[in-house]
Amino acid sequence: MDFQLPEDLRGVQATIREFMLGRVEARAHDIEATNRIPPELMAEAAALGLFGLSIPEEYGGVGLGMLGRCAAYEALGHGHMGFGGVISAHASIGTSGLVKLGTDEQKARFLPRMAAGECIAGFAITEPSSGSDAANIRTKAEKRGDVYVLNGTKHYISNAPIAGLLTVIAVTDASRGTKGMSAFLVEPQGTPGVSIGKIDEKMGQKGALSAEVIFDDAEVPAANLLGPEHLGYREALGILTSGRVGIAARSTGAMQRLLDLSVAHAKTREQFGQPIAAFQAVQFMLAEMEIAVQTSRVLWQKVAWMVDHGEDVRRMASVAKYHATEMLSQVADKAVQVAGGMGYMKDSPVERFYRDQRLLRIYEGTSEIQKVIIAGDLLR
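Residue numbers for the sequence shown follow UniProt numbering, so the first one is 1 and each next one is one higher.
By construction, these hints were calculated from the structure, which means they are not laboratory data.
Glycine included, every Cβ here is placed at the ideal spot set by N, Cα and C.
There may be inaccurate statements among the hints.
Now the in silico label distances, taken between C-beta atoms and shown as ranges [what the hints assert, rightly or not]:
1. Gly145 / Glu187: 16 to 22 Å
2. Gln189 / Arg138: 20 to 26 Å
3. Glu368 / Val298: 22 to 28 Å
Derived lysine-lysine pairs resembling PhoX-like cross-links, with alpha carbons at most 20 Å apart [to be verified]:
4. Lys302 / Lys202
5. Lys100 / Lys179
6. Lys179 / Lys140
7. Lys179 / Lys143
8. Lys346 / Lys202
Based on the sequences and whatever the hints tell you, model everything.
Right under this line is the structure:
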């Protein structure tokens with residue numbers, strides 16, 4: 001086993017980390033105040049190829065394998081999590097279905113613009129009645145001639161307010177149960193009958209906008225059917241698997257940043273005539289944070305390697321996401337404790353990370369759902 005990332009991927013990580021710490025973090029207060037990502041940062045991200053991480057080179061993307069993409073996601077985790085959320089929602093679940101299941105015509109039509117950051121993508125499966133119970137979706141798609149007519153509501157859809165393309169999961173044959181679902185490529189800004197609800201007001205991850213997507217007799221061309229009709233619940237959720245590995249990697253990056261901040265603070269903050277790093281209580285917290293970083297990094301690297309080698313990763317993707325997001329919550333709490341009152345202040349990156357990280361234990365499958373997946377696979 002070789003646990004050293006290839007030199008080219010280390011270079012990719014270094015470039016993205018420098019961008020996140022230098023350019024994005026410098027605008028963090030603006031993002032928090034406006035709940036928007038500055039256009040110039042989006043343009044710089046596009047120039048770095050961040051929107052094309054998972055898109056093949058023939059369509060203008062970077063064409064990284066899963067190991068490379070997750071290396072990039074870990075680097076994204078070092079900076080503002082709202083910005084990282086926009087990129088990851090686009091480059092993982094927003095793009096992976098089209099890359100895996102799309103026809104040549106569909107790929108040629110959408111992927112070049114997606115790689116250039118001109119068409120932001122999202123994935124729409126969650127509904128008011130079906131969050132963790134994704135099999136209970138009620139949005140329906142009825143075939144009428146050369147179009148499908150969609151009716152229903154999706155909510156909490158990442159990137160919906162800025163999306164040029166959404167992968168939408170809808171029921172095409174209710175009689176088939178969980179095997180009667182299909183995926184569609186929907187252009188929300190140009191499709192009559194599709195409307196975007198008000199932007200969600202979230203606890204954290206400012207700038208990573210989400211909203212409801214309402215379908216009211218929305219006509220989607222049959223040519224926009226993604227993959228086979230009735231591809232099924234299991235295949236639809238397969239699109240989320242790569243997203244879970246990416247979240248594990250991004251969580252690891254966030255942990256590393258919090259650990260770096262905590263070590264720096266512990267060395268310079270003095271109490272009782274000496275740096276607080278001299279106190280064993282603080283040392284133990286730093287040690288526990290390091291353990292969380294290292295175990296999470298090994299896990300995402302293992303699962304990414306498995307993906308690149310064509311192995312079934314449903315269980316291990318859940319293991320990696322559960323472990324990394326749960327560990328991130330503990331690391332964020334310890335980082336606030338090490339920072340003391342300063343870590344509770346709004347102008348502290350520690351305070352921001354503490355709020356932002358909480359969502360990662362919920363979206364793309366809650367921690368409880370990950371345990372259900374893991375146990376179900378063990379017992380199958």
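Now the hints, each set against the structure:
1. Gly145 / Glu187: 16 to 22 Å: holds (19 Å)
2. Gln189 / Arg138: 20 to 26 Å: Given about 24 Å between the Cβ atoms, the range holds.
3. Glu368 / Val298: 22 to 28 Å: holds (24 Å)
4. Lys302 / Lys202: Since the Cα atoms of Lys302 and Lys202 sit roughly 32 Å apart, the hinted pair is violated (cutoff 20 Å).
5. Lys100 / Lys179: holds (19 Å)
6. Lys179 / Lys140: holds (14 Å)
7. Lys179 / Lys143: holds (17 Å)
8. Lys346 / Lys202: Holds, at roughly 16 Å.
Of the hints listed earlier, the one the structure fails to meet is number 4.
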